[in-house]
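My request is simple: use the sequences and hints to build the entire structure.
The opening residue of the sequence shown carries number 18 in the numbering used here; numbering runs sequentially from there.
Because the hints were derived from the structure by calculation, they are not lab data. The reader is advised that the hints may include incorrect statements.
[Stated by the list, open to error] Using 30 Å as the maximum straight-line C-alpha spacing, the simulated DSS-like pairs for lysine-lysine come out as follows:
1) K25 with K76
2) K55 with K25
3) K213 with K76
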Amino acid sequence: MNAEVISKLVLTVFSCFINILLMIVVLRKSPKSLGSYKYLMVFMSISELCYSLNDFLVKPEVILNGSFWTVGTNSTRTILPLWLAYPLVLLWGASYGIAMACFGIHFIFRYFMVTGNRQWVSGPLMLIIWFSVPFISGVVYAFTIHVFLRFDNVLEVFQRANVESLKNFSIDELVYYGFDFYRTTPGSEVQEVNWKNMNGVILMGSIVVSFSYLVVEMFIHPLSDSLPNHHDLFCRESS
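Set out below in structure tokens:
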């Protein structure tokens, strides 16, 4: 095994140990006043576990070259068949959207817990609704990557001609997606803006900015303003 494989293995084992330990502590040692918030903590640990295992199994490689970058794997990096590796590469890219959604749900839970409106984050139905948000975010991100950041024939030829590590593989041995600011049509030396990739990045950025703004304005700012008034109540409920 080379150094990269060893380092990924060590980090994956460490991540699994820490997250499993955290889940055990949360489920067995958390106070009753924590309520359904403990299930959110377990949910976030599970998502981190899935990311770690996915990263180890697929071993995605990020390549930067000039105006473009690409993320993918090949038949020598992953132990999985490539038909399975591609959706996992999309999931790896979508993990950012999942993490941001979990981060936002975390503050929403804290807001309702501190303000005493726990009915909005309690019970099976409400948990299913809130926990579905990261899944929906991941699906939207993965779909956006697949539609907007999958290279067409022009960009594929350009990438394979300019990335040394890809020249030794046939197209059937690679799965990847990427972004290139420019594209050059066959038979022309004029570079034009690659609006397909640009629209994909703009869409994903808009999702993150919009969701983050809503969480900040609707939950974080009101929570910080009302925190002194609710501090004593929360302390009494926790005791």
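Here is how each hint holds up against the structure:
Taking the CA atoms of K25 and K76, the gap is about 8 Å. The hint holds against a cut of 30 Å. Distance restraint check for K55 and K25: the Cα-Cα separation of roughly 29 Å lies within the 30 Å cut-off, and the hinted pair is therefore satisfied. With a CA separation close to 26 Å, the supplied pair K213 and K76 stays within the 30 Å bound.
Going through the hint list in order, the structure satisfies each hint without exception.
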